[in-house]
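Got chain Y sorted already, so can you dock chains V, E, A, Z and G onto it with the hints?
Residue numbers (the UniProt record's numbering), protein chains in the order written: chain Y, 1 to 270; chain V, 1 to 270; chain E, 1 to 270; chain A, 1 to 270; chain Z, 1 to 270; chain G, 1 to 270.
Treat the hints as calculated values from the structure; they're not laboratory data. A hint or two may mislead.
Remember, identical chains collapse to one label, so a pair may be satisfied in a single copy or spanning two.
[Said to hold, decoys possible] Calculated lysine to any residue pairs in the SDA-like style (CA-CA distance at most 20 angstroms, straight line):
{"#": "1", "residue 1": "K165", "residue 2": "D72"}
{"#": "2", "residue 1": "K42", "residue 2": "L259"}
{"#": "3", "residue 1": "K205", "residue 2": "H190"}
{"#": "4", "residue 1": "K165", "residue 2": "V112"}
{"#": "5", "residue 1": "K136", "residue 2": "V5"}
{"#": "6", "residue 1": "K214", "residue 2": "D256"}
{"#": "7", "residue 1": "K165", "residue 2": "D178"}
{"#": "8", "residue 1": "K116", "residue 2": "L164"}
{"#": "9", "residue 1": "K187", "residue 2": "E201"}
There are 6 protein chains.
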Amino acid sequence: MEARVFKPESYLIENEPYYEPIGAEIEIFEAAYHNQLPVLLKGPTGCGKTRFMEHIAWRLKRPLITVSCHDDLTASDLVGRFLISGGNTVWVDGPLARAVRHGGICYLDEIVEARKDTTVVIHPLADDRRVLPIEKLGELLVGPPEFCLAMSYNPGYQSVLKDLKQSTRQRFVALEFDYPAPDLEAKIVHNETGIEGGISEKLVKFAQMTRNLKGNGLEEGASTRLLVHAAKLIMSGVNANIACRSAIAQALTDDDEMLAAIYELSASLF
Amino acid sequence: MEARVFKPESYLIENEPYYEPIGAEIEIFEAAYHNQLPVLLKGPTGCGKTRFMEHIAWRLKRPLITVSCHDDLTASDLVGRFLISGGNTVWVDGPLARAVRHGGICYLDEIVEARKDTTVVIHPLADDRRVLPIEKLGELLVGPPEFCLAMSYNPGYQSVLKDLKQSTRQRFVALEFDYPAPDLEAKIVHNETGIEGGISEKLVKFAQMTRNLKGNGLEEGASTRLLVHAAKLIMSGVNANIACRSAIAQALTDDDEMLAAIYELSASLF
Amino acid sequence: MEARVFKPESYLIENEPYYEPIGAEIEIFEAAYHNQLPVLLKGPTGCGKTRFMEHIAWRLKRPLITVSCHDDLTASDLVGRFLISGGNTVWVDGPLARAVRHGGICYLDEIVEARKDTTVVIHPLADDRRVLPIEKLGELLVGPPEFCLAMSYNPGYQSVLKDLKQSTRQRFVALEFDYPAPDLEAKIVHNETGIEGGISEKLVKFAQMTRNLKGNGLEEGASTRLLVHAAKLIMSGVNANIACRSAIAQALTDDDEMLAAIYELSASLF
Amino acid sequence: MEARVFKPESYLIENEPYYEPIGAEIEIFEAAYHNQLPVLLKGPTGCGKTRFMEHIAWRLKRPLITVSCHDDLTASDLVGRFLISGGNTVWVDGPLARAVRHGGICYLDEIVEARKDTTVVIHPLADDRRVLPIEKLGELLVGPPEFCLAMSYNPGYQSVLKDLKQSTRQRFVALEFDYPAPDLEAKIVHNETGIEGGISEKLVKFAQMTRNLKGNGLEEGASTRLLVHAAKLIMSGVNANIACRSAIAQALTDDDEMLAAIYELSASLF
Amino acid sequence: MEARVFKPESYLIENEPYYEPIGAEIEIFEAAYHNQLPVLLKGPTGCGKTRFMEHIAWRLKRPLITVSCHDDLTASDLVGRFLISGGNTVWVDGPLARAVRHGGICYLDEIVEARKDTTVVIHPLADDRRVLPIEKLGELLVGPPEFCLAMSYNPGYQSVLKDLKQSTRQRFVALEFDYPAPDLEAKIVHNETGIEGGISEKLVKFAQMTRNLKGNGLEEGASTRLLVHAAKLIMSGVNANIACRSAIAQALTDDDEMLAAIYELSASLF
Amino acid sequence: MEARVFKPESYLIENEPYYEPIGAEIEIFEAAYHNQLPVLLKGPTGCGKTRFMEHIAWRLKRPLITVSCHDDLTASDLVGRFLISGGNTVWVDGPLARAVRHGGICYLDEIVEARKDTTVVIHPLADDRRVLPIEKLGELLVGPPEFCLAMSYNPGYQSVLKDLKQSTRQRFVALEFDYPAPDLEAKIVHNETGIEGGISEKLVKFAQMTRNLKGNGLEEGASTRLLVHAAKLIMSGVNANIACRSAIAQALTDDDEMLAAIYELSASLF
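Pulled out of the complex, with its shape left as it was, chain Y reads as follows (with noise of 0.2 angstroms):
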């Protein structure tokens, strides 16, 4: 009943993730990789986009350290600070430090959530230099072949107060998400929980209703991970529509009349 504990920069996956590739993506991010250019993945919540880096992790068989990003993430948090122990200060890698020095792969989830200074200290790492300078220690390290950065957004979030600097965007490899076409989405909902292929069409067709209310109401629509979750609370015997409502509407929105309508969605379907 206790947690097991694992140091991030040992932390190999060890079995294939489940991923179903929607386009190039894997193939432009292993050429971005072996020319040492950092990948930026753009896309809705709950697409596919840590799936995706699991899934890269295991093929490159380098270790995945992930950081989410958000706006009290400090500098020191990605590149270390130093820790009294014993009467003396020991350095502690933070996780982008720890990526640079083990040849891993630092991917940094939500980068726009984060401050300036954490965007700005991946530029030296993110062009040719390839180079983390740890200031606190009086140190450079350049960043080994293997050593691959990472970072995702969602644009739909993207404020003006939010927005990537060119500065910071015109050094990455760009890949594109999206949620999978139907048949896809299916198959996907079906091989991760085990539910009956008519539901999981049902749960794709509602999903699709949700997102055409995007921007009419609702601020996004239902993702491939609601779904997932629907079907497993199905899966444990609760009733379709009540599992509809607590996996997908509730979790999408907090307006009644929206609530309502998206009821009589899932109403019509089950």
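Just chains V, E, A, Z and G, lined up with the frame of chain Y:
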């Protein structure tokens, strides 16, 4: 006269907390729990969300570690920090790491009050990775199946600034809570305080009158909790009208006209 | 000529603080106290809320630990922090933990001035759990029955930014305070200063005139406290008009026209 | 050529500071002091508030501990903090605690500049409790009768953001200061610098001209202090017009047209 | 697979970095260097400013210490700080002090992103005093003749908030950079990637088309760096149109219509 | 090739810094100094204020301790702080305390950039008390007669937010600086660079043309310093027009039309 002191992870709730279900919430929570999906509780203040979590923790026989979220809650407050002891630094798990490590239920109350870094720190715990990176330790905790993440908020308070991001929401199974139906609410007030049925019914009627004023001068109507307060004062010998004023009316608003209107409502009942 | 020094939790008020009740406030507070419900005091500055709390603490024979809230009051200021001593860190309870641990009365003065994290830290103490999580110690304090939480604010100052959240308000039994009726107020001024009845009545009349100006150029009228100040200066031989100017008029406003009007009011009385 | 170094609480003013009273301010301050009431000094810059406090401190034979308030002054700056020395932490009283502990006069200059936590920390000292809670020590200091709290501000600068709260103001006896009458001001300039009467009168006339421009392009007129500056430069051999420009006109404003107008005023006098 | 680690002040560039001059920039930089004047580089992202600095550092045989500026870069980050080691504090030079002390070139990249304290800390280094006060050490460093200060920014991004103060600008000799002329740019792309001339010319033509869209929906056109990225992907076997999409179009914008327009441009060329 | 290192308080200027007076500034500064009055220097960037202070320091044979003010300069940065060394804390004077303690000249450059706490910390030093309270030491430093406080700012930049408070201004004798008259300026450029008179006169003419553009597209005209830069580049063999572009035009503005206009001006002269 001294306080009793516990370790949160070993503070199991021994006696069944009194809880009256208002729908399928117990069934859905248990299905989500067994599928290792995180749960989001939505509803107004004082309607029983905290009591529900205590009831669930008792049913699942897991320790319940609650964090009241606020503006200044940092990721370190959740994850943990180093403290100096005897010249060495000692790591102290925050409540979230404590729950992950010991397979408890971590309940983040009023999550929308938290800063963005708090909401983001739970992302890798709230999808199928179920990992908590503790960057200061250079550790990855992988949550055991018993670990459960739950959080709550009141959609009525949601402002643009304090909105839950879609990338956060779309990781959770969501349960909607509301005030119980009148009969049930009167039964609850009676059970909690021992007050006679007639008075508890009047208190519920009074609460409903204030709830109708929501949006017409009142930010929120009287919660079930306030009815329990008033009933307790009455049981201690305070006049029913004075109890309604102190425990309900004055707790709801400072507006003189509104107070006068509410006093009239209570005077018409008692 | 040196200050006397006390531990807050052992500073019991020995002599009955002079307090004239204006309603059922003592009865309600005691009922709330015995039901372990927290209490909220509302009312303008200088009308006797602090004196009331001293009186209650004396009645209940509990230590009164007062915290003047402000913008920069952190949760740590209330709960406690580690200090380094002899190479080790020593935990020092903040005033709230001190009151919980020793079963005292914790009185948070002007709570709306506090940051949100302060108001949220009291939530688990202010419902039927009555627990204070001390996250830095990894401890849960369960308040003994003697522990009592009270807080005050002035509804007249409440701004949108500094509003008490419903989820906070709806945990408290609320008591409304106001200036005493004229006879009572004159009696209070006399009892506090020894000034003769005629002058204390004139001072009360003067105060009422300034209270009528509230909203018409004055933010607030003269409090009972200011009348006591003026009476003390007069008892020390200062001319009554000059005392009213310094102790009352100049303490109320800086506006030249307003001051001239108030000077005329005092000149018409003395 | 090295600075002399003192402990603030033992720095008694030995020689009577030259001060010309402009009203009953000395009498009122002494009455407030003996009634243990705090005092608030209001008035424009450079009109003698600081000198008055030095004079009062000399009269009362108490040390005067002055704090220049500003935006970033924290409660800890006033109350004190722990410092590490020889591996242990040592408490160092701030100026306020120092004055309470040793029965001195604490003078908070330009209090409205202070953050709210500064103004609130003085509340329990500024009513009849006269206590200073030092939360980091877990101590309550009870001020001896000799302790006195005074503060000043310039009502002309008061903005909405930097207003004194009524709950603060209504704890103080307030004294209003202004520039002295012409004869008195000329006498002061003469006494401070030794300049001949004819020139000091002209300087006062010049100052009055600039004071008439207040609100018509000048934020503030020339203070008595500036007249003393000009007189000192003249005594050192600087031409009177040039002295007026450097010591008065350029110190008042940067506006070229305003400066030309003021230069003409001084040229008409000297 | 491990990173190589260097001391910044001893990391001399050994091989001539490939750089094609576009004007007199090398001559002017060297004249400024020998007159001990600081230099400011202006120009759009990815046009070669960083490469120019590497080329200059190689020519002058001085170490190049680069700092990527950002909002949160403090003066201490530049100048240095004390770190605790073995119970003592040890001073660690920041990159600026490191460059002054060892006579290196300090290059502040995107200086307008820095906080004001960063730009001000360089003032005494950027005039004829050439000193760096290190206040925490109580030291003044006088820069040797070999020390050189350079900084860059992109005038296109300059906002009112992030403007270089005249008191900063007017200390620097300024060099303007821009994209190279088409022939030169095609030559650069060829030299950097080995791609055949025809394709590099088409890429330059494509870049120019995007540059014409600047201000008409694009914040910035494609930089030379992006052409190099696309050429590298093509050399790795990625289809030219797909390479243009990922390496150029998606790196420039997220706008769907803009992307469609740019895709058409690339389709017309490849 | 290594930097030379000094203690600021023992860094006396040995050789007379070249300075051409433009009015009575030397006489007034010396009169203020001997009357122990603080001095305020006003004027545009690069017109010689810093050089004037170096000249004055040389005349008065006092060390000159300069602080470049900025937004993030704290009171501690000026006054000093404790540092840990060998397990003990050691006090390190800031530049202001250093100047007071050793009777030096403290020059606060661009004082309006400083936070309010910086400007307020100098108040007791800038009136006839001439004391610096060091609250963390519990010490009062009384400045010796040799101590002198000076500060500068550029009135042209003064915004509402960054205005000097009257309570600060009205403590200083103020000196106004401006660009020297043409003949004098040409002489200065010649003396600083050795450039022949014809060219230095043309440079001055060019500077005046740009100064006429102030407010018509230029924020500020070319300072004397920029003329010296251009002359140095020309002396190093750079073409005069190119030197004017890099050292003057590009240092003044980024606006393309403005730059074209200024280039024409220089082309008409050289």
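Each hint tested on the structure:
1. When the C-alpha separation of K165 and D72 is checked against a cutoff of 20 angstroms, the pair qualifies both within a copy, at 18 angstroms, and between copies, at 16 angstroms.
2. For the homomeric pair K42 and L259, the shortest alpha-carbon distance between copies (13 angstroms) is at most 20 angstroms, but the shortest distance inside one copy (28 angstroms) is not.
3. With identical chains, the CA atoms of K205 and H190 are at most 20 angstroms apart within one copy only, with a shortest distance of 14 angstroms there and 47 angstroms across copies.
4. Taking CA atoms no more than 20 angstroms apart as the test, K165 paired with V112 passes in both settings, with 9 angstroms inside one copy and 13 angstroms between copies.
5. Proximity of K136 to V5 under the C-alpha cut-off of 20 angstroms is restricted to the inter-copy arrangement: shortest distance 14 angstroms between copies versus 28 angstroms within a copy.
6. Taking the closest pair of Cα atoms, K214 and D256 come within 20 angstroms of each other both inside a single copy (16 angstroms) and across two copies (16 angstroms).
7. Proximity of K165 to D178 under the C-alpha cut-off of 20 angstroms is restricted to the inter-copy arrangement: shortest distance 18 angstroms between copies versus 23 angstroms within a copy.
8. For a Cα distance limit of 20 angstroms, the shortest separation of K116 from L164 qualifies both inside one copy, at 9 angstroms, and across copies, at 18 angstroms.
9. In this assembly of identical chains, K187 and E201 lie within 20 angstroms of each other by CA distance solely inside one copy; the values are 8 angstroms within and 44 angstroms between copies.
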